[in-house]
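Each chain, letter by letter, is given below.
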Amino acid sequence: MTALRTTSGCSSLVFISFLVFIFVGRAGADVADNESVLSGIRLMPEGVTLVGANASQCFVVLGTYSDGMERDVTDQCHFTLSDTAVARFDMHRRLHPLADGTTTLTAELSGISAVTTLRVADVWRQQPISFVRNIRMILTKQGCNASDCHGGVKGRGGFKLSLDALDPRADYGWILNGGGFHVLSPEPLEPKEPRINLENPEQSLLLLKPTGEVSHEGGLQLEPDSREFRILLDWIHSGAPYGDNDDDSVAHLEVTPHDVVVTTEGHRQILVTARLSSGRRVDFTDQVRYESLDRDVVKVTRTGLVHAQAPGEARVVVRAVDHVTVTHVRVVEQPVASYPQVSRVNYIDELVLSKLEKFRIVPSELSGDAEFLRRVCLDLTGTLPPPDRVREFLDNKSAEKRDALISVLLDSPEFIDYWTFRLSDLFRVNGYYGWVHQSWEWVRKAVARNRPYDQIARELIAAQGYNGNSRHFLLGDNKPAPVERVVAEQFRVFMGRRLDCAQCHNHPFDQWTQDQFWGLAAFYGRLTNTEWYGDNVVFDDPDGHEVDFGDNGTDGLVFRRVMHPRTKVSVLPTFPDGQVLVEDRRIDPRQELAEWITSQDEFAEAAVNRFWRYFFGRGVVEPVDDFRIDNPPTHPELLRVLATDFREHGCDLRHLMRRIVSSRTYQLSNQPNETNQDDVLNYSHALARPLAAEVLLDAISSVSGVPEVFSGGGILTGAAPPGTRAINLKLPADYPSPFLEIYGRPKRDAVPERDERANLRQALHTLAGTTYNDKLRAEGGRIDELLRNNVSDQEIIEQFYLAAFSRDPQETELLALTKLLAGSLNHEEAVTDLLWALINSREFAENH
Amino acid sequence: MDLKKLIRTAATFDMPSRRRDLLRVGSLTFLGINLSQYLAIENAMAAASRQLQGKSEACILLWLNGGPSHIDMWDPKSNSSFKSISTNVPGIEISELLPQVSRHMDKLAIIRSMYSEENNHGKGHHYVMTGHRPSPTMKFPALGSIITKETTARNGVPPNVMVPKIHPGYLSYFKSHFIGAEYDPIFIPDPNDEDFSIPDLRLPKSVTTRRIHQRETFLDVVDRLYRRGVEHAEHANVDTFRKRALNMILSESVRRAFDISAEPDKLRDVYGRHTLGQSALIARRLVESGTRFVTVSDLHREGTGRDWDTHGKNDEQHRDHLVPQLDQTLAALLADLEDRGLLDTTMVIAMGEFGRTPDINSGGGRDHWCHCWSLTLGGGGIRGGRVIGESDERGAYVSDRMVTIGDLFATIYKAFGIDWTTEYLHPVGRPLKIANSLNDETGEPVEELM
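Which chain is which? The protein sequence lines are S and H, in order. Quick note on my numbering: the first sequence kicks off at 31 and runs consecutively. Quick note on my numbering: the second sequence kicks off at 4 and runs consecutively.
Where hints are given, some of them may not hold.
[Claimed, not checked] Here are the computed lysine to any residue pairs in the SDA-like style, where the Cα-Cα straight-line distance is at most 20 Å: (1) H:K208 / S:K388; (2) S:K184 / S:P538; (3) S:K777 / H:N442; (4) S:K388 / S:L711; (5) S:K598 / S:A200; (6) H:K436 / S:H212; (7) H:K436 / S:D441; (8) S:K222 / S:G208; (9) S:K849 / S:N820; (10) S:K329 / S:V312; (11) S:K388 / S:D102; (12) S:K849 / H:I215; (13) S:K598 / H:N442; (14) S:K184 / H:V431; (15) S:K184 / S:G203; (16) H:K436 / S:Q541; (17) H:K86 / H:G367; (18) S:K475 / S:D441; (19) S:K184 / H:D443; (20) H:K436 / S:C531; (21) S:K184 / H:T425; (22) H:K316 / H:S84; (23) S:K777 / H:A184; (24) S:K777 / H:S84; (25) S:K184 / H:G367; (26) S:K184 / S:Q541; (27) H:K208 / S:D804.
Bear in mind the hints are in silico, worked out from the structure with no lab data behind them.
Same shape as in the complex, but just chain H (with noise of 0.2 Å):
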């Protein structure tokens, strides 16, 4: 039975729309219904109450992977070797070492109060990227899938891209599975490397289209007296992604998508010549076109120092390479969409799976913490220049209004006009919330920021 049928059947018969005076008259037999379509309907009508026109239509997300130390960054604290500064919003302070983004507070929020319960590298970006904690007997779809299920996709651009590729390892947790592959993100390399090309977009220089074309041919002839003896429903599927494939492949707006070398040299130069600034400058350039979640990853290269783990030498690793970069880049991302118009409908997160231990370790190092953390975000209708929670006065614990995984992805999913009380039902019968907070609930929001 048609659904959207039904609705509009029990919409139009003049009968109340509330769901206890509906049942009242005994109308379930009445409208031909039974249980289980009653409550689908339900369920309908409750989320497009709840449908909000959300502001945001993209997110770049900047993942520090690793875990960078919150109190030497957005919570500065007496036991940071580093000093505090002012921003432009009176009353926030955060560590000396982001000064360029300290001139765009005005436009993000600082949330101090981060919990989250994974204090391991691979557990953790599980964790923090799909709001459930790993077990060996299913897999959960990650934000950014969700995200892209949620929304429809734009101008024939992939809709969900990584960039740079993150570690092989960690893959997989920023995938969407159960929920289906289209939904999973496209990784490009490294913008900032001088041959940078995407594979699998661009079809080597041999292969023209008269060769495609002659591909097309061969394939048809090799496959014809099997497919007409073994039909399968896949079959037409596959047809249908190489089509759209050979689309994405020939089209020009996605060719230009990626063309970081459009970008002007001096623009480039302010977002910063390394992975991280031309990482964010491609995925401005991605939102642009019309793709909806670009995942800029800090890349975690074990053992250059390069990483935001700092088990060991923490001050210098956090003073004189990593905070740099994020600096400049945060900042010229944010100043880049305000002057494109495009701040209003793009998000930005920066974030990374957990904080870092308050206490230095024997290597000077600070160690992974969980407990409490925090996190930056703004633009896509975030209210930015304030701070949600507090930590206490080592930046341990949190001592105010705790933002669990949940909240956050509730608060993003609201932004984004998207109903945070969804559950999907996992394949084995489980129905999963896709804002997934502590104790089984469901997260709330952030209003503060909305």
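Pulled out of the complex, with its shape left as it was, chain S reads as follows (with noise of 0.2 Å):
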């Protein structure tokens, strides 16, 4: 192959290359671990011009085989350089720059090759190696910043660095001067040591320590010899300057691959490029750090190759200085040969299949009528459908009959009712005297009126007076929270955020401060209310005044601000990009805040996210309230086209909810198949979830025949009305309810959080307790019902299955509980011990 040269001195930073796949038929083709073989390699990355003297670049070839893997093949591949003087490998296999000018590059497999063009130029240009260019980068990829090390909270032995070097000011200092890290005061915490010795710069701490030569708990991180420790020495000996900010910054990371599979033997090299704000392309896979955060399922090394360990899904986070990626890989162990053609109804199918595809699981059939019927009903109104209406359901022969279902029930009472408590315990209504009451009716309005959801979180963060639920800010003993508590509830409900952390110091895992914390805190600093008992009416105080009362025996007026903890300035609301709220505005912050949170895009997708959760018990992010750079969801682009159709019908809940139920993706089987048994994150089966506490007791009460009983125990007293089901009571405190306690339902107190694991007091109940016991036999109840009219064994099944299960028992089932029912010493007992296990049936007690 010919050489081909430009014109010396051209640095010209556009440089067009091109791709060349050369396929050489199969002869002497290589075979995959499977017996699959080889068709094709492709070399990446394409287009590469080596600028500079401390340029390189790593090449990964992948393998596109029969089974329709891409295999990384990149070390079973011959290289070789048209040009060696141009540029040349090391023994890593990374080309480095020799002379400018332009070579190609062939990598070669079994007699497949693959050709690209690169440049080089400007060979003998050197950077000059600043703080804010260099260093900031080595403190991100050795790990020195982690939050588990030197970039935690307080740093570690006596040294302390902003994570993932989001404050390279600061870092600066604590490098320059030493110092540690104080909770609540700005100044360092003695004793200080420079991390490095200008007029000695080999014994500076910051070379030491990581090689291991001064005692360092967090041992060997640097190795004497490595590139990383030259460019520290360097920088030392060359002043150690800060540099001037970056005006070719890194503008966007390009992490290739994005979401991969590979088999269980198998191994893929990521490739990092950057793409500078210039326009110019970078490797960066040397440069970066790399974290599996599923170590048992893949592992990645320093150099970013990722090797599978076995089956499962895993992340892998790729750390620059400031950017963060996760790359979502897959190991499987077997391929599957041909991937079927599947239907799909909307977008979600569209998005969700797309990944299935790619992760070569297939996903199960349709979904029975039965097992929809009921699955349906539970989750858009958390009743189960009667027998009579089930039989309709389950003989209608139309094609249209599951979207005729979807509209009906999105219509109904019970919708209103179900929704309703959902949103009670999220907006956690709450509070004593009476004054649940209209906070219950505002939600209850919202559900029944279709009220646009940015609307109601409007109306929440800036409740005032005695409407809607300005309850909500009295958390629970009729004051005022504080505001920091106010604040981070707030941004977890709609914002889907954990910022709580970042109250007492920069948050250690994610990118909030905690400047930007107490800029969000003071939006509520004038929230205030007028008096403990009677009219206790919430507002905002223009003057920012409290009055305290009772505590200390006097009434005084107490000003309130919010003040910083840690440099105990008082903080004007401040929005997170640093934008102080306006003089003018201040005097109704709560509204700025509410209008601003909900033109944000972060709160459609929490909010779509925290819906999406409700119909598959799990969010596109998980859990729905952390939000996280290394928290990624599975499916961004899903999350993103939610949000944008919720945002394009007015946030409209039932709009969105029909979207979810109508897909075929909501109404695939539970039954997994051999590809997707495993799959728990990509939407490829139905998965099993409990029941809340409330629709259970409510689910065995309708089955049972026998209402509950919720007698009042506290301010409000005396018996909710016969036939209060619990999803109704809008005041949980108020009826206590020993099944609803043992079976987790919130207090309302602190956001719903529900433990659903199995625990021992509740088998104690299921075993010993008056819900299964007194309450299957009580008179009035089914079971009275049908043994008074002499029901058949055969038919008493039948019922009780339409009402437990909403389906028909199988041949097996009907034949073995009607032989039992037979033979049994008492029949009366032996039926009632019959709806006892129906009701304690894990296909009763969940929603599958």
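Using the hints, put the two chains back together into the complex; each one sits in its own frame.
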């Protein structure tokens, strides 16, 4: 091949190259571990220009095989350069520049080749080493500023760095002067030992510690003969300059692959390319830190080589300064031979299927009618369909019956009951002395009238007086909650982000700073209320005063400022981008914040994610209030499209729910197949989810035909009207119920988190508790009716199955159960025991 | 990598056990472990070195709901209407309202310098039971649950019990939350009731062993198809718990542990025929059977004037109703435990969520006061017959040796042989101290008590 030479001195940074595939038939073609055959290879990246003395590039060759898999075959390839004077490979297969010019690079494997052209320019140009350009990158790459090391809240060993180099000025200070982090003061903690020694650079702690020359809790983190060590040393030698702010900084980090599937024997080299603000592309593969968050599925080396360990799905976090990306890797034993055609109903299916296909997971079949009926009734209304409606649906022959059912459910009164219950939990409808009524009514009206969700959010965040859910701000004891707790909660609920940790220090594993936290908290700085008893009115006091009642035995005016706990400076309401709320808008700061929050993309994403979880048991981001840089969505595009669709339809919750339950994805069967048995992240089949305590109790009541009696125990004494269902209790705290307490009904004094795991007290209750004994056999209940009307055993069983499982019993079940009933010593007891078994079964207690 | 194996490896190598020396030879990579593994080993080794032989094996907490008035009980002052009396420990005086307890002062220590930060019932309960101020974004585990978690259950009896059930709004302050529902207390009703029986621990009469088998048979048929198709890790857990529950229900020893009618009438009289007395008696019985932590809640019944929250008629309530019962029961409990040789291994604590104001209000009552209050504790390795800390002349503020809730917890944990510097990781990612004191510090055990 002839070398293509450019005219020397040309330092154009834009170079058009091309990638050439050459297929050379099957002679001597390579064979993968499962006997599939190599059909082609792909050389990456394309269009490489090495600029400057320190540039280098890593290459990856992917082989396409007859089983449809792409495998990393880099280490099996033979590489040749057309002009060896222009560039050379080191022993780690990394390419370095030698002289300005152009060369082609050929990779060859089993007779198949791929070629690319690459260019070298400015080979003699050295860039001065500065803190802001080079050292920050090394600290991040070597992991010095990781959250469990010096990047942790208080640093380690008396040395503090900001997490992921977020605050370079502060880091520069810590390195130059030493000292530790004080949670309650901006002064550095003694002792202050400078980390570098300008007179005697080799004696700098920054070098001695990580190389083990001086004892280092973190152990050996730097090799003395490494490039990083040399850069650090040279930097200190040159006076440890901070450097100017990088005018050619990283604008975007491209990580390849993004979602990839490998076999259990497989490996894959990650390629990281930085696109600089000038447009130039630079290889960053050896300048970032790799971390596998699921090390039993894949492990990743320091140089970005991913090794499969066991089947499953893993996230690999790639960290560069100011940029964090996550790659999903799926490990399979045997890739599926050919991927079938799967039908789709809406964009949810499109996006879910595209990932399933990439990951070689075949979704299950569509659910049967009975399965779908029970699931959608529980998910939309929290109510089991009565036996006659089950029969009606199962017998209906219409092709549109599922859509028709969805419409019926969305318009049903039970829909309003159920979602009032769910939102009452989320918005903590609580409070004493009868105040709970208007809060509950506000939620119910919002659901009944299908009020747009952003409007609901604004009404809550800015709730004033006696309106709506203004009680929400009185954290249980009728005084306004401290601002830091209010802002933490509202951000969790509406923005899906856990700011909480940033209250005392910069967030330990996300990018929130303490300053941002307190700037947001300041929006609640005027929140106060009038009186403890009587008319407890919530409002924003224009003077920012708060009246202190009774605790110290005196009344006094206490000025309530929002003060930064570290700097002890009064904080004004400030948006996260640093913009302070202008003075003439500070009368109603919560209104301003409400409008800001609801207009953010994050608001829509957090909302759709939260409601998605009600239908699938898992958010696209999970937990739903923990959107974080290293907790990525499993389906980012899906989340984005759902959020856009939601916005475009005016944040209409019913519209969102209809989209979800109409999708084929939602309606998939719960029976897994061979390819998707262990999949819990990609919606390949329906997963079983436990019923919420209230829904379970109501279901038991409806199947047994015995309504639950809720007698009051608190301020609002007296029993609830007969027939009140658990989901309709306005103020749960006033209607104690052993069953609900054992099954984890939340108290509404904190964001709702239900522990859905089995436990001993539940087990005791199922054996000996009233719900599972007295309630089954009470007068007027279903058993009573059936026995009094002398219904046959077969029909008893069928009625129970329709009521509890929304299906007909199978032949085998019918046979076995009629036999048991017939052979029992006491028929009535046996029927009761059958009912006991039904409501104790996993099929009953789960939504599947 | 098996942590225990690594610790053993580190120990058997001829390496110095000191951490810094270990590092000087650059041995991290030699052992083939990474930083976080190393730090985990380091924590485990440090914890092992801090492990003490705790004396205490169980704890009975007399929870004086509502906040007892400290200057009218443990810390007599001139602004109390009551006089002080001497005790069987020279130099220690307590209120005249506690004559029977005064004869057991050698078994008890009084802390007069307690300091807490929440002055409201709900929040006060939360603070004093968990050491943290309540938050709408987080739930914290209670002292009893932590002790249950850090000790092993004994003899198949429930390890954590609350008797009788407190106001439903306060239940969650006594629970384990994220550390696991298996450490939650079991709530039992008032043993002073004539028809006292434990719900959920006794099968209804109509449910015989035969019927239990019948039910299991039905369940097997009913769930077979479903469980074969939809396999789920939780299913196995449900089975396990049901087996354990059945064992507990059928167990004779568990039944006996809760059978207060087996106690001689005379002893029941000595403890006092009221909720507090009978609950303390059943607590002793439970501890004898192997329960680790019993909370006796002196029921906060709104509006009956029977609770410790004496915003009105403080003196009358304390003198005529509240303190005499406590006096009788606490004295009886201490004597009974000593007689049975259980006092050395059973800690007894009597406290509320705060104290009461040094000043009388217009209704003749005292209001909430968290800035300085008292509690008393003894047994389980706590050295009795002493007073810790001092309050000012009115009992309003701590004047010497403040003790925070974190310090109290640290003391209790140390007595149990639990490492009080332990931190649990909340699912949110925040480490939570089990003995959380002020300013984000860990509490210090009160050495004068150990």
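Going down the list of hints, with the structure as the test:
For the given pair, K208 of chain H sits about 59 Å from K388 of chain S by alpha-carbon distance, which is inconsistent with the 20 Å threshold. Restraint check: the Cα-Cα separation between K184 of chain S and P538 of chain S comes to about 10 Å, which is no more than 20 Å; the hinted pair holds. At roughly 28 Å between alpha-carbon atoms, K777 of chain S and N442 of chain H are farther apart than 20 Å, so this suggested pair is violated. Note on K388 of chain S and L711 of chain S: the hinted pairing holds, with a Cα-Cα distance of about 14 Å set against a maximum of 20 Å.
With a C-alpha separation of about 19 Å, the suggested pair K598 of chain S and A200 of chain S falls inside the 20 Å cut-off, and the hint holds. Annotation: proposed proximity of K436 of chain H to H212 of chain S holds, straight-line Cα distance about 18 Å (limit 20 Å). Restraint check for K436 of chain H and D441 of chain S: the C-alpha separation of about 49 Å exceeds 20 Å, so the hint is violated. For a cut-off of 20 Å, the pair hint linking K222 of chain S to G208 of chain S stands: about 5 Å separates their Cα positions.
Taking the CA atoms of K849 of chain S and N820 of chain S, the gap is about 18 Å. The hint holds against a cut of 20 Å. For the hint linking K329 of chain S to V312 of chain S, the alpha-carbon distance of about 25 Å lies beyond 20 Å, and the restraint is violated. About 16 Å separates the Cα atoms of K388 of chain S and D102 of chain S, which keeps this hinted pair within 20 Å; it holds. Our distance criterion of 20 Å between C-alpha atoms is met by K849 of chain S and I215 of chain H, whose separation comes to about 18 Å.
For the given pair, K598 of chain S sits about 15 Å from N442 of chain H by alpha-carbon distance, which is consistent with the 20 Å threshold. At roughly 18 Å between alpha-carbon atoms, K184 of chain S and V431 of chain H fall within 20 Å of each other, so this suggested pair holds. For the suggested pair K184 of chain S and G203 of chain S, the alpha carbons sit about 15 Å apart, so the restraint of at most 20 Å is met. Between K436 of chain H and Q541 of chain S, the direct Cα distance comes to roughly 25 Å. Violation of the 20 Å bound is thereby established for this hinted pair.
At roughly 18 Å between alpha-carbon atoms, K86 of chain H and G367 of chain H fall within 20 Å of each other, so this suggested pair holds. Restraint check for K475 of chain S and D441 of chain S: the C-alpha separation of about 14 Å stays at or below 20 Å, so the hint holds. With a C-alpha separation of about 12 Å, the suggested pairing of K184 of chain S with D443 of chain H holds against the 20 Å cut-off. Distance restraint check for K436 of chain H and C531 of chain S: the Cα-Cα separation of roughly 15 Å lies within the 20 Å cut-off, and the hinted pair is therefore satisfied.
Our distance criterion of 20 Å between C-alpha atoms is met by K184 of chain S and T425 of chain H, whose separation comes to about 18 Å. Proposed proximity of K316 of chain H and S84 of chain H is supported: the alpha carbons are some 12 Å apart, at most 20 Å. A threshold of 20 Å between alpha carbons decides the hint, and for K777 of chain S with A184 of chain H the separation of about 15 Å falls inside it, so the pair holds. Note on K777 of chain S and S84 of chain H: the hinted pairing is violated, with a Cα-Cα distance of about 40 Å set against a maximum of 20 Å.
Of the supplied pair hints, the one linking K184 of chain S and G367 of chain H is violated, its CA atoms being roughly 50 Å apart against a limit of 20 Å. Between K184 of chain S and Q541 of chain S the alpha-carbon distance is near 16 Å, which keeps this suggested pair within the 20 Å criterion. Of the pairs offered as hints, the one joining K208 of chain H and D804 of chain S holds, with about 11 Å between alpha carbons and a cut-off of 20 Å not exceeded.
Of the numbered hints given earlier, the model fails hints 1, 3, 7, 10, 16, 24, 25; all others are met.
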